[in-house]
Amino acid sequence: MPLTSVLLLSMALFCIGVFGVLSRRNAIGILLGVELMANAVNINLVAFSRFQGGVVGQVFAVFAIALTVAEVVVGLALVILLYRSRKDVRVDEANALSG
Amino acid sequence: MIVLPPLVWALLALFCPLLAAIFIGLFARYSGRFSSWLSLAAVLTSLGAAITLLRAQLARPERFLEETVRWLPQGGETLAELGIRLDGTSITMLVVVTAVATLVQVFSLEYMQEESSHAFGRYFGYHSLFVFSMNLLVLAPNLLQLFLGWELVGLTSYLLIGFYWRKPSAARAAVKAFWMTKLADMGLVLGLVVLFTHSGGFSWTATLTPEVATWVSGLLFLAVMGKSAQFPLHVWLPDAMEGPTPVSALLHAATMVAAGVYLIVRTFPLFEQAPDTLTVMTYLGAFTALFAAVIAVVQTDIKKVLAYSTCSQLGYMIAALGAGSVMAGYFHLTTHACFKALLFLGAGAVIHAVHSNELSKMGGLSRSMKLTTVTFVIGALALAGVPGLAGFFSKDLILETLYEKRLWVPLGLLLAAAGLTAFYMGRVVLLAFFGEPRSRAAEHAHDGDAAMSAPLIALAVATVGVGYAASRFAALIGASYAFHVGPVGVLGTALGLGGLALAYMVYGSGAVRLESFALLAPVGRLARSGGVDRAWQYGFRRIALGIAAAVGFIDRYVIDGFMNFLGWGTIVLARRLRRLQTGNVSDYVLAVVVGTIALVAWGLYG
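Chains A and B, in that order, are what the protein sequence lines are.
Residues 13 to 111 (our numbering) make up the first sequence, in order.
Residues 6 to 611 (our numbering) make up the second sequence, in order.
One should not assume that every hint holds.
Stated by the list, open to error - Restraint-style ranges between C-beta atoms, simulated for each label pair:
1. B:ARG171 with A:ALA108: 30 to 38 Å
2. A:PHE72 with B:VAL597: 39 to 47 Å
3. B:ILE602 with A:VAL68: 25 to 33 Å
4. A:LEU20 with B:VAL598: 39 to 47 Å
5. B:VAL563 with A:ARG102: 49 to 57 Å
What the hints assert, rightly or not - A short list of chain A residues far from chain B (calculated; beta carbon distances all over 10 Å):
6. VAL30
7. LEU34
8. ILE42
9. ALA59
10. PHE60
11. THR80
12. VAL103
13. ALA106
14. ALA108
15. LEU109
Hint data in this document are derived by calculation from the structure and do not stem from the laboratory.
For each residue, glycine too, the CB sits at the ideal point set by N, CA and C.
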């Protein structure tokens with residue numbers, strides 16, 4: 013399997029993530045999109061690591077996964093707070109910062 | 006007799022009133038009695054110091070003393086100096102100022118007693134400030150310090166004219182006086198600038214080229230016209246009569262308006278270098294003397310008569326100085342200070358008793374106000390130039406001076422003014438003090454108590470006596486004087502007596518009826534019309550307010566317009582830009598994505 017195929021896969025995954033973030037109104041959906049984008053990056057790290065030799069990229073990917081978990085925790089905490097204050101998790105309703 | 010150096014006396018005379026003014030202003034003004042005693046103590050100290058200095062000067066008239074301190078040091082150089090100059094000229098004026106100020110303050114103790122304690126204190130605070138300002142002017146060793154005093158007396162004049170500030174007419178009169186004199190003072194400022202540019206200092210002994218001398222003296226004379234109420238800048242002085250009458254006596258008759266004459270006396274070395282300015286002075290002074298005398302004849306307000314009379318007499322002084330005689334002009338200043346202060350205080354006593362300024366409310370006061378009548382008549386006769394009284398000697402000297410210089414036109418004007426002066430003073434005396442009382446208040450009038458009577462007596466004595474001090478006065482200012490009977494003096498005196506006689510025939514015995522002056526009716530209408538006043542008003546409205554409107558337009562529409570445009574543009578732009586901030590997270594994310602793609606594209610292909 014050539015590198016290009018893997019990169020195309022990760023690009024597709026990233027674009028799906030971006031699309032999810034942009035199109036979803038549900039905060040949890042957005043979080044899912046963000047996760048897809050993060051994992052597209054992880055695929056890139058692993059792929060380059062595999063095709064160029066060495067393990068630094070893979071180690072880095074493990075770190076990134078751990079970090080992503082922490083980020084999801086923060087994100088979900090925000091979603092819970094949002095729900096508590098507005099009884100709703102649709103982000104287009106939470107537009108109090110509108111100019 | 007305490008022996009102190011002259012400088013210490015001069016500093017005492019200068020700073021005691023200032024300390025009193027500061028103390029009254031800061032602490033004592035709510036206690037009227039205390040303020041008045043403080044002010045009186047200060048001015049008495051000044052008077053004592055002035056008299057001590059005068060006695061020393063009389064012993065050695067040619068001595069002079071100048072002590073200065075550096076002011077406004079600029080690098081190693083000194084831009085100007087402040088200090089004290091003591092010589093015959095300044096000491097004489099110092100005595101005149103402090104003496105009249107003392108008497109006026111004593112008079113005010115009773116005249117102003119019905120004022121509230123607060124107003125009483127304020128009044129005496131202003132008086133102390135005035136004495137300091139005037140002494141600062143009088144003792145100035147150079148023109149810059151004289152200018153400081155000049156502006157300070159202008160300020161106190163404003164404050165005292167507007168003393169009854171609740172009265173709109175008084176407030177207007179104060180502003181008018183301030184405005185007119187400031188307009189004239191531009192001449193003093195510009196004169197100082199020209200003098201400094203060409204001589205590098207503010208000394209009045211500088212030698213200038215004829216052209217520069219004409220400029221400097223002409224500009225200084227402009228300021229004098231304002232301060233000493235010369236035509237056409239005289240219009241503020243009659244209005245200044247809105248102030249309390251003792252103030253009119255001190256500021257607007259005896260001392261402050263004479264500051265203009267004093268300025269010329271002091272800076273005569275400059276004026277001497279400019280014959281053109283002297284000529285203008287002679288003619289303008291003589292014209293003012295006659296012009297104001299004509300107006301004085303038709304006034305119905307006793308203070309207004311005296312105010313126009315002051316304009317007229319200042320015209321005499323200016324004319325005399327223009328003819329080159331410091332002695333004549335300065336001596337007339339001194340005698341005038343005595344008898345005009347006397348007349349104003351006498352008028353004050355009458356107003357205090359009758360509660361009106363109008364001659365039509367007076368009449369017959371000689372029965373009940375004996376002391377006031379006697380002293381007022383002495384003042385009036387002195388002003389009319391009756392032989393033996395102070396005004397006679399100085400007026401005679403002025404007429405003689407013009408006669409010697411063969412200045413026929415000004416001499417003619419002054420002679421006519423002399424006759425009119427006697428006439429209008431006779432009119433005032435007869436209308437106010439003789440005949441039948443024309444109001445209930447006039448029937449029940451009575452002399453003032455000691456505080457009002459003593460100054461009248463003192464000034465009456467001075468009015469009788471000061472004329473005989475002419476030769477000592479001349480020695481003090483380095484001139485010479487010898488009384489002699491000349492044809493023009495006889496003519497002037499005859500005109501004066503004739504004027505008095507005519508006034509008696511019109512207003513006393515009724516031998517000549519007013520209707521027989523029908524030919525002169527147009528002159529009377531002109532004199533009553535206040536044409537000069539209206540011309541100034543027109544000028545003020547059209548020119549000053551026109552310039553103000555133009556400046557206002559530029560400020561409002563050009564300068565403010567630009568600033569408002571900036572503000573308006575910012576607001577409009579912000580209204581557009583705020584739409585970007587939707588509050589919707591997806592929009593922000595979209596912006597981030599588009600931005601990232603754009604950055605990457607720029608990095609790859611840019």
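* Asked: Which of the numbered hints are not met once you compare them with the structure shown?
  -> 1, 2, 4, 6, 7, 8, 12, 13, 14 and 15
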